[in-house]
Structure formats: structure tokens, C-alpha cells
Amino acid sequence: MTRLLFILFLSTVFLPGYSQVDTGFNANRQLDEVVVTGTRTERKVGNVAVPVSIITKSTIRQSGSLRLNDILQEQTGILITSGTGSNAVGGGVFGNGVQLQGLSADHTLLLLDGEPLIGRQGGVMDLTRFAVGNVRKIEMVKGPSSSLYGSEAMGGVINIITEPASGTNFTAGIRSGSFFNTDVYSSCNTTHNKLSTYYFLNHNSSNGYELDKTTPEKTLDPFRNLTAQVKLTFRFNDKSKIVFNSRGFYGLQKSSYAINNPVINVHGEGITKDFILNPVYSHRFNKQWQTSLRLVASGYSFVQNLDSISNNKEYYHDSFKQGFYRAENQTDFSWNESNTLTAGAGYTLQTVNTTRYKNEQQQQMWHAFVQHEWKQFKNISVISGLRYDYNTAFTARLSPKLAILYKVNDRVAIRTSFGSGFKAPDFRQLYLNFTNNAAEGYSIYGSNEFSLPFLQQQQSLGIIAAILPAANSIIKLNPEVSNGYNAGVQVQLNEQLKADINLFRNDVNNLINYIPVATNSNGTSVFSYVNINRAYTQGIESNWQWKKESVTISGGYQLLLTADKDLLEKVNNKEVYGRDEVSGPARLMTREDYSGLLNRSRHMANLRIFYVQKNDKWNGSLRFVYRSRFGVTDKDGNGFANMKEEFAPGLLQVNLAATRRLSNCFQLQAGVNNVLNSTNAKYLPNIPGINWYAGIHYSFQKK
Amino acid sequence: MTRGLLAIAAVFVFTSCEKEKDPVPAQVATKDFLVNGSATTGNYNFFSFESAGEKPFIDSSSNKWDFAMRFETFIVNSNASGPGIAGVQIVNQPFDAVLTAPATGYRYDTTVAQKAIKGTDWYIYNPATRTFAPIAGKTFVFKTATGQYAKMEVLTADPADDLGNLVTPPTRPTKIKYKIRVAYQADGTARF
Chain A
1 MTRLLFILFL
11 STVFLPGYSQ
21 VDTGFNANRQ
31 LDEVVVTGTR
41 TERKVGNVAV
51 PVSIITKSTI
61 RQSGSLRLND
71 ILQEQTGILI
81 TSGTGSNAVG
91 GGVFGNGVQL
101 QGLSADHTLL
111 LLDGEPLIGR
121 QGGVMDLTRF
131 AVGNVRKIEM
141 VKGPSSSLYG
151 SEAMGGVINI
161 ITEPASGTNF
171 TAGIRSGSFF
181 NTDVYSSCNT
191 THNKLSTYYF
201 LNHNSSNGYE
211 LDKTTPEKTL
221 DPFRNLTAQV
231 KLTFRFNDKS
241 KIVFNSRGFY
251 GLQKSSYAIN
261 NPVINVHGEG
271 ITKDFILNPV
281 YSHRFNKQWQ
291 TSLRLVASGY
301 SFVQNLDSIS
311 NNKEYYHDSF
321 KQGFYRAENQ
331 TDFSWNESNT
341 LTAGAGYTLQ
351 TVNTTRYKNE
361 QQQQMWHAFV
371 QHEWKQFKNI
381 SVISGLRYDY
391 NTAFTARLSP
401 KLAILYKVND
411 RVAIRTSFGS
421 GFKAPDFRQL
431 YLNFTNNAAE
441 GYSIYGSNEF
451 SLPFLQQQQS
461 LGIIAAILPA
471 ANSIIKLNPE
481 VSNGYNAGVQ
491 VQLNEQLKAD
501 INLFRNDVNN
511 LINYIPVATN
521 SNGTSVFSYV
531 NINRAYTQGI
541 ESNWQWKKES
551 VTISGGYQLL
561 LTADKDLLEK
571 VNNKEVYGRD
581 EVSGPARLMT
591 REDYSGLLNR
601 SRHMANLRIF
611 YVQKNDKWNG
621 SLRFVYRSRF
631 GVTDKDGNGF
641 ANMKEEFAPG
651 LLQVNLAATR
661 RLSNCFQLQA
671 GVNNVLNSTN
681 AKYLPNIPGI
691 NWYAGIHYSF
701 QKK
Chain B
1001 MTRGLLAIAA
1011 VFVFTSCEKE
1021 KDPVPAQVAT
1031 KDFLVNGSAT
1041 TGNYNFFSFE
1051 SAGEKPFIDS
1061 SSNKWDFAMR
1071 FETFIVNSNA
1081 SGPGIAGVQI
1091 VNQPFDAVLT
1101 APATGYRYDT
1111 TVAQKAIKGT
1121 DWYIYNPATR
1131 TFAPIAGKTF
1141 VFKTATGQYA
1151 KMEVLTADPA
1161 DDLGNLVTPP
1171 TRPTKIKYKI
1181 RVAYQADGTA
1191 RF
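Chains A and B supply the protein sequences, listed in that same order.
The first sequence begins at 1 in this note's numbering and counts up by one.
The second sequence begins at 1001 in this note's numbering and counts up by one.
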């Protein structure tokens, strides 16, 4: 590897130069950046009434990020939740999800070029599935946005926008680093008359890593991921075009376990595949009218097979297959300079088939939305919107939105918004039909699989001892809903310094949780799902940026306070006890003891320094990311973390990257991530220890 | 009216008599209790407050034990479960705050299906992590198999192997290791 890099390094010196593709760090121009996610129409980010932020390609490049979780975890107010690594046999939490404004990972909608990504397991979308080499920018809208996007957009929306098919350019690169991590990629854009073609290929592999040497298993076993994207744009004329976007992903995750054994005795692999086919036809009739027709067909599958090493017999098999098909029209009508009406409607079919449900399950959904944007006096913008989602599996939902932007002057802008969000009950909450025949012997039924007559029959057979009163409360599930309020000020203090502060509050109702509905004769419980919990998340997010010539320093901070409302009420009513040590005496818990929802850090902060040399020969970045301690478990049965052992300690990560431009086409990059080697094998297995990388990037653009 | 006054007087005399006697302190101990980790098969493990320890299976049909556990199933030595007269109730107070056993309210294993204690009474089970957490502030108050009073709290409940070493997934536990705090009053009174 090293020799290969050296040869590449030498060869660059003698190659003729072409003009480069990349522009320098352009954070100061961000107010003029065009975004689509906030309103589903192209708007300058400074003119959008909802809180929107952008991660540019140059930031991604200068940070040396490869996967979506790498770059998202450095942003203010974003927390990457950790799965159980490769060491989860079927159960537990899958992959690395994303928390926005303190809402859990299943409450953030992830979009790829505006279309929802599928393949959530246990509610979590694994961010490592997404390479960022083909990403042009990432837009993030915080706060509930179901008025435009429907289900899952409770905490916010993250829209990954890939490179457009246009022009003629080519990039390729290779990078290698710790844990035998290798990343190879290439992209190409070609244009012939009306047709532009873009492709992107990425292969990423690693030998995994070990954080806890006392266990025979690795923290992360070896894996390889392959991503391919092809995007075609055909421009019929100035007014009409069709963009055909397609993506495919193949991921192989090795697994090995020491089950009831001091050494590895079970091994196998999990294979994740996904694809998306997404043709979009858009037509602009005139200055006032434009319309687009979007079609999506996407699929996701995860199959895990584990065998015993001694006899090669199957130890565990799990499969999960999901399909998503949508047709949607959106039409925009601007009848004058100050009024734009956006309306759309669509149909969605979703299918899922897994070893844990009885049959293939299907859901059909219809939705319609309308949004009005009103601009007045050049400094006021008001967005109002409403969306209706109807569905065959659960109750319908109406999601409103109202957002106001007031530009006090050239330097100060005030934003305030109210929005409603929802998340449809997920498949397991509806269709799970699972009895653990191993030691525990408990059962869980999704609400649509639950049947009181079946329990009564089991009771007459003596399998069930008692049906609890809660069994009568199992009815058709409602979506989980949230109402979010955001209010913020953005100030350009002087040429160099700008700052913003945003206050948020989300009231979440109808959270779905499992409750015991019957007791088996052997003492174990039967569970089903109900809309039961109420919670809130609130806090302050603040960002500032200072830029002078070649240095940009930005910082961010989020204060986050959360609570399960019913539990907090019980604490205030002096009904909840807890222990200060694992085996210590119980005592009454007070408001001060209540730490809020698990897996939330009260304080999160980041500091990022980017340097770009004037002639762009060098650029580099130094980034600090901190999260304070967070509750991880409940050992004393009171539903929250209060004793030291129930918290994971705070963590500071320091990442470094440096890029040297050798010629117009060639760049060398090297970096060290997690310089302080801050790890937590048990609760943050997704964060590897100190690791380095070095790579070479080639780019060519025809003018 | 007269009867009422008499009753009050009787209570007064009774309580003042009690106060004159020096109370015998209950014996408090913290014990590990390793029980069968299967909810469906195998034997229960039996516990005696008097000896503050486990009793062998051979004593299962005697009144030498007070309660027994298998996985998180809880039985008491009475009616359907044994020849004793043991009853139990869960009081919503910390262990140290329960100074007197209630006079009434004890529950019994009336039938195999109607046991005195249900799992949902005293712990929270998390199917995602396959662990259960005993709820702090729940104190079990017992009338023992021989009619004495005892109290108990479950401090921890951890998946373990046969030797009592704690295990984590993917290793399947064969035992549950409980840490319990018990107090036994041998003098026949209900005070701890």
C-alpha cells in the first residue's frame, strides 16, 4: 500500500495540470446558497423561514469524511447514536442513527435527493451505509417538517444531495489507513448534447477494530461496502428535463461470537443490499407555473446467517426485506412576486417480509400537501402549510406548519416557526409476532397481530395465568406525534463574525412502547404495543463563525433538556425511588435526580478551525467534538439514569486533517481521527480509537 | 360507646406494654441468591429467612423455606406451592423505612396460576436488552412459612452462568444472580 502511494505521489509531480474541480472554503457565501429542503422549492438559505443549515462539499472534503456519520457527528445539535456494533445477534439496536433536537433516531427523516431512504432496523437508519464522496451538499432542517415530508420528519430532515449530472469532469482517489481501512472511489460526468451522465463508484473496507481486549469478539468485525450511483439528465429543452437517479449498495459485515464459550465458536455474515430507482420529470410552463412528477422504487434487504464452527450447522438466521414504491406530483404556482403556492399529492406502497412476522405485510398510503409562501415589504416572509396522510394500517394524520422570517435589517434576521410532525407506527409495532423460546419465554405481539380471543384461548389451556386489564387497551395504533416550536435570531456582527441562536421545544405525544398485557403461568409476560408515553425535548442551539482571510473558526453549542412527562410527574409527586449505588439503599428521587430521557447528552459542543492557504496549496482542519455524559441504562427500575453506573461518561474527540495540493489535479490528504483516543467500548462501539489515514485524490474538469 | 372506649383502652395498654419490652432487632443481611435461569424447566431455588440462606431442593415439601425463585418467577411456601403458611405483600416504601410489617394484606399462592407475586409487580423487563431491573422502593414483607415476619428487597438481578459469573449477550445465561437484602424478626413481633 505504502509503495503504491509513493508511486502515485511521484507520478503527480510530472503530470500536466488541469483546472481543479474544487472551490475553496466558502462558508461566508452560505447565505446565498440555494436550498430546497426547507420549502421543497429552490430558495436562498437566508430567505427561508425555517432553520436550515448546510454542509458543503468542501467541508466534507477538508474534514476527510468518508461516510455520512463521519461528517454529521461534527455538526452542532446532531448526535450519532450508537448501535451494538456487529455484536448484535438479531436483537438490540442496529447501526448508527441520528438524533436531532433530542428526538430519537427513528424520528429523523433521511432523504437522498429528496426521496426517503428505507431500511430502518429497530427504527434506526444505519448512516455508515452512505458514502459521501458523491455528495454535493447536505441540507438539514431542524424541527418538525411533516407538513412537507410526512412520516418520520419529527425531529427534522436531513437531505443528502448528490452531484448533479452536468458538465464534464472526472475524479478518482484512493485512501488507506488504520485497521486496514481502504477506500477507493471514482466519479465521472459526461455531457453529449442534451444528455448528461454521472456515475459514482465506491469501495470501502476495513478489518474492523477492537476496543475491549477482555472479550474474544472484536468490537467491529471486518466489513466491505460497495456503492454505485448512476444519474442521467436529459434536457428536452429549456423548460423540460428528466433526471433519472439510481443507486445500489452492497454491504458485507462479518460476525463472530463466543457463545457460552471462551473462544469464537459461531461465525457468519450479514449482507445488506439496497437500491433506489428514481426518475423525476420536471417542466416549467412559464414564469408562473412549474410541475414535477417523481417516481421512486426502492428496496432494502438484510440477511444474517450464523453457523456453529464446530459442526457447520446453522445457529441463527434472520432476514428482513422491505420495498417502497411512490408516485408523487408537485406543482408550484407563483402568481406574483410575493405569492408562491406549492401543492402536491402522492401514493405510496410499502411491503415488508421478515422471519419475525407471519406473512408479507403491505401498507398503502395516500398524501396531499399544500404550502403557501408569502413575501411582503422585502423583509417579511411567511410560510404556511398543511399535509394530510391517509393510511390503511393506522389512523390518518393532518400536519400543519407556520413559519415567519423577519429581516430587521441587513445584519439581523429573526425566525420563528411552529410545526407538527408524526411518525407512523413502524412494522414491528404493527406486525411483530415473536415468542422467545429460549430461556426467557416471553412473547411480543404487534398491535395488528394482537388478539384478545387468542389470549383467552391460551388462558383456558393454562399457558396464560392472568390477562391484565391493559390487554383491553390494545387498539389500532396512532402515529407518534410532535409539536415543535423554534425561535431564533441570526446576526452578522461585522465582516468577520456572525452568530445565531435558536430556542426549541418539542412536545411529543403518543409515543409507542410495549406494555405487559398478560402473565404466563411460568411468570413471564406477554407484551404488546400501545401509544403511551409523552415526552418533551427543549433547548438552545447556538452557532458562531469567525472568518478572516485564510482562517475560519466556527463553534457550536447545544443545551438539551428532556423528560418523559409522566415519569417527571411521578417524580414531582414523590412516587419514585432510586438508589445512589447499585446495591445501596433506596431513597425518594427528587427533581434534581431526574436526568431525562436515556441516551441524551445535556451539553454538546464543537469547535472547528479550517485553514486554507491563499494560493490553496495547503488546507487543513482541526475539529473538537464534545458530548457530556448521558444515561445509558436503568439498574434500579425507576425508568431513568440517576446513579453513576447508569451513565456513560462525557467524551471529547479531536480530529485532524491536512491536504496538500500537488498540482491542479492532484491532492494528497492525511489525517488523524480521535487523537485523544477517547473510546467507550460498551456504549459507543461506533467510535474507534485513534486512527490515521492517507490518500490521494485526482480531479479533472473540462472548462 | 362503652365498647369503643374499652377497645381504645385495650389498644393503649397493649401498646404501652410493648414499649416496655426491649425490642429485639431484626437480623439484617445482604445475600447473593443464584437461581435457575430458565422460566420453564428445572427446579426452583429455595430461600429461608430464618437461616438467611438457600435450602436444598430436598426441603421443598417442608416448611423450612419461605420463598423460592426460578428465573423471575416467585413462589411462597403456602397452598399450591408448599405446606407452609407463608404470605407476602409488596409495600411501596424503601426497605429501611418499613419498620413494622402490616397486620393484613398478605397474598398467597392460592393456585398454580394465581401466585402471590407477579413479575410486573417488582421489576421492569427490557426485551431489547434482555435484562430486568428490580424497582427501587419496593419492599417485600413476608409472613414466613412458620408465621414470623421478614422483609426483603431485591437489589440487583443479573444474567449469570452456573458459577455465578455475570454474562452478557451473546452468551446465554443459565442462572439469574440476585442480590437481596433481608431482615428476619425471630421474636414473633412485626417490628424490624
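Worth double-checking, as some hints may not be accurate.
If we take Cβ atoms under 7 Å as the criterion, some of the chain B residues that face chain A in the derived model are [as the list claims (entries may be wrong)]:
{"id": "1", "residue": "LEU1034"}
{"id": "2", "residue": "TYR1123"}
{"id": "3", "residue": "ALA1133"}
Listed below are the simulated DSS-like cross-link pairs for lysine-lysine, each with C-alpha atoms no more than 25 Å apart in a straight line [stated by the list, open to error]:
{"id": "4", "chain 1": "A", "residue 1": "LYS644", "chain 2": "A", "residue 2": "LYS548"}
{"id": "5", "chain 1": "A", "residue 1": "LYS570", "chain 2": "B", "residue 2": "LYS1031"}
{"id": "6", "chain 1": "A", "residue 1": "LYS644", "chain 2": "B", "residue 2": "LYS1118"}
{"id": "7", "chain 1": "A", "residue 1": "LYS644", "chain 2": "B", "residue 2": "LYS1031"}
Just so you know, the hints here were simulated from the structure itself, not pulled from any lab data.
Glycine is no exception: its CB is placed at the ideal position from the N, C-alpha and C atoms.
Evaluated hints:
no. : hint                    : in the structure
1   : LEU1034                 : 15 Å, violated
2   : TYR1123                 : 6 Å, holds
3   : ALA1133                 : 4 Å, holds
4   : LYS644/A with LYS548/A  : 44 Å, violated
5   : LYS570/A with LYS1031/B : 31 Å, violated
6   : LYS644/A with LYS1118/B : 30 Å, violated
7   : LYS644/A with LYS1031/B : 23 Å, holds
Checked against the numbered hints above, the structure violates hints 1, 4, 5, 6; every other hint is satisfied.
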